[in-house]
Every structure is written in C-alpha cells, then in structure tokens.
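Student: What follows is the residue order along each chain.
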Amino acid sequence: MNEEILRLYGLRLGKILAHLCILLCLFSLLGLLFTVAVPLVIVFRILAGIILVICSLGLLLLREDFREIMFSADSLEATAPFMEAYLSVLPALIAVTLVSAAASFALMLCCGRRGERPVLRMILVCLAALIALLVAALVFLVEMG
Amino acid sequence: MKMIKKTLHIKIASGPRFRCRLTADGVPVRLACNRYGNREGTVHTDRNQVRIRIETVDMLSGPLWLLSEFFFFLISVFGIFDVRHPYDRSGRAVRCSFLVDLDRPQARLQCVALPFTEGGAACSVTADVPVREEENRAFTDRAQRRRAKTVRMMKFLLWAILIVCTAGAVFSSL
Chain A
1 MNEEILRLYG LRLGKILAHL CILLCLFSLL GLLFTVAVPL VIVFRILAGI
51 ILVICSLGLL LLREDFREIM FSADSLEATA PFMEAYLSVL PALIAVTLVS
101 AAASFALMLC CGRRGERPVL RMILVCLAAL IALLVAALVF LVEMG
Chain B
146 MKMIKKTLHI KIASGPRFRC RLTADGVPVR LACNRYGNRE GTVHTDRNQV
196 RIRIETVDML SGPLWLLSEF FFFLISVFGI FDVRHPYDRS GRAVRCSFLV
246 DLDRPQARLQ CVALPFTEGG AACSVTADVP VREEENRAFT DRAQRRRAKT
296 VRMMKFLLWA ILIVCTAGAV FSSL
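Heads up: the sequence lines are chains A and B, in that order. First residue of the first sequence? That's 1 in this note's numbering, and the numbers climb one at a time after it. First residue of the second sequence? That's 146 in this note's numbering, and the numbers climb one at a time after it.
Since the hints were made in silico from the structure, they are not lab data. Small disclaimer: the values here were computed from a predicted structure and weren't measured. Take these hints with a grain of salt, some might be off.
As the list claims (entries may be wrong) - Only some residues are given here: those of chain B computed to face chain A with a beta carbon under 7 angstroms:
1. ARG166
2. ALA169
3. VAL202
4. MET204
5. SER221
6. GLY224
7. VAL228
Unchecked claim - Label pairs and their in silico Cβ distance ranges:
8. B:ARG180 with A:LEU13: 18 to 28 angstroms
9. B:LEU219 with A:ARG7: 33 to 43 angstroms
10. A:GLU3 with B:ILE220: 17 to 27 angstroms
All residues carry an ideal CB built from backbone N, CA and C; glycine is no exception.
Okay, chain A solo, but in the shape it has when bound:
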C-alpha cells in the first residue's frame, strides 16, 4: 500500500512540476492563448494568466529605472521612462511568445487535443519551457550588453 502512495506522490509531484514548467511556457499572453491545446482546467489557465501578468511586472521590476519610477512620488513624469523600460523588455517578451506559441502548436500536433500521450506531453512541455527560458535569457543578456 505504501508503494502505491509513494507512486501517487511521485505522480503528483511530476504534475506540479509540469504545471510550473507550463507556467514558464506561458510567459506571454499570446503563448497563453495558444496553450489551449494543453488540456488543463480553465481555473488553472486564468491563474496562469494572472501569474503571467505578475511575472511580466516582476520582469519589469528587475529594471533599475522601472524601480525608480515605481517608488517615485511624481507619477506624471514617470510615464515616459516607464514606456522606455517596457519597450526595452519587449524583445525578450516577443521572443518567449514566439517560442511558447511554437511549442504549444507542436504539443497540439504531437499529443492531440486530449493529450493521449501524457509522457510525451510532459517531455515536450519541459523542453519548451527550457527553450523559452534560454531564449529569454539570451535576448535579455544581449539587450543588457
């Protein structure tokens, strides 16, 4: 009985990790729209969307100039640097969007809409997440000089 419980724990852990990998895949709104191919509950998609927005804001917060804007009192003058900061992060976001969209499309082709091959799906999701992260890091590094 204990082996069975351990197996269930393993499955659950794997699924949570896969969900977290999917979150990395969904690092852009367009990517999120494409991932309807992955059979997940709607609540998860909405939550992933919310977290996605938080992640995007977090990405912006990494920028020093954006942080200054956030904590400055004068909000009117802040608009221009905000846009500048946002535009500087945009290439990374677009790159991740394209990668996650392509990955989602590949998932849909390989695994079917109902996800008949869950192991393959998990591998592809992890792979897509890894690629998305690498591309994001690369674009970010290039941009930062």
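Starting from the structure of chain A, add chain B where the hints point.
Tutor: The following block gives chain B in isolation, referenced to the frame of chain A:
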C-alpha cells in the same frame, strides 16, 4: 507434470478519478491506460485460481499525510499549481475481491465501476471464466474524510496568513 502458464487480461472501465490498486494474489498489477481512458493489466500465473483485489488508495491514507500535504501545498505555490483532485474530499472508498477460476490459458475479466452508493456494489464484473465474488462494496472512509477536512482547514489558514502577511508588508512599505 509441466504447468501451463495462464494469462488473465483485466480491464477496469471507470472514470479518470477512480484511482484504484489492483492486486493478483497480493502482487500489484501494473495498469496501463488505453486510448479510451480504461485501465488494462495482465496477470500471468501457473495457478488455477487467482484472487483479484481492487481497492482505492488515497494519498491521505499515508502515515505522513499532513506533512506531505503541507509540502505539496508549498511547492505548488500555495496550491495554485496543484493537481485538480489529489484526493477524494468525501472519503469515498472501494474494496472488491474476486476469486477467478482460470480453466483456460487465456481469460478476460472486465470490471465496470458503478456509481457510488453507500454500502452498495462498487463494480460489476463480466468474465469468460467463472468468477466468485468475495467482497464488492463502496463505502465512506470516515477517517479519510476527516483528514480531508483538516487539510482544507490548513490550506485556508495558510492562505489567510499569506494574505495578512502580504497586506502587512505592503502597508508597512507605504
């Protein structure tokens, strides 16, 4: 005298939420999901009779259930990325035991899960070999239901603590 190896193909037709453990004479049988969502397994034996047991296994029946739930709650970012139904909240459990006479080298047994009725039959069995039903019942595991309630309470409390801490941090930084 050479013993003939017999094979029993077992199919369990049920919903995806019916998590069960299948054993043949106490040995766990590996089940694979087919394309229709039914689970299939094969038993190889030399004996003329094999005892098939189907029972539900729940994560909350483990020894460190509260600790494990806490762990999963944390790593799934406060339950957001957790699986949809990790355990049955109402504590529904199933216990079935069948004695299958293997009078031919290849036999088939199909088990169809019935809708849950307290104290009623858990599944209906059809087979091309004689099957004797020893136990077949669906019941509510009260201890498990109590544990599910405790876990829900723990999650609620942790969420409340998180919200209070976040609000405190936000207001103190202003």
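Student: Evaluate each hint against the coordinates.
Tutor: Hint check results:
1. ARG166: It holds, given that the least Cβ distance between B:ARG166 and chain A is near 5 angstroms, below 7 angstroms.
2. ALA169: Status violated, d = 14 angstroms.
3. VAL202: This hint holds: B:VAL202 lies near chain A, its Cβ roughly 5 angstroms from the closest one there, short of 7 angstroms.
4. MET204: The hint holds - B:MET204 has a Cβ within 7 angstroms of chain A, the shortest such distance being about 5 angstroms.
5. SER221: holds (5 angstroms)
6. GLY224: Hint violated; B:GLY224 Cβ to chain A Cβ min 10 angstroms, cut 7 angstroms.
7. VAL228: Holds - the Cβ of B:VAL228 comes within 7 angstroms of chain A, reaching about 5 angstroms at its closest.
8. B:ARG180 with A:LEU13: 18 to 28 angstroms: holds (26 angstroms)
9. B:LEU219 with A:ARG7: 33 to 43 angstroms: violated (21 angstroms)
10. A:GLU3 with B:ILE220: 17 to 27 angstroms: holds (22 angstroms)
Of the numbered hints listed earlier, those contradicted by the structure are 2, 6 and 9.
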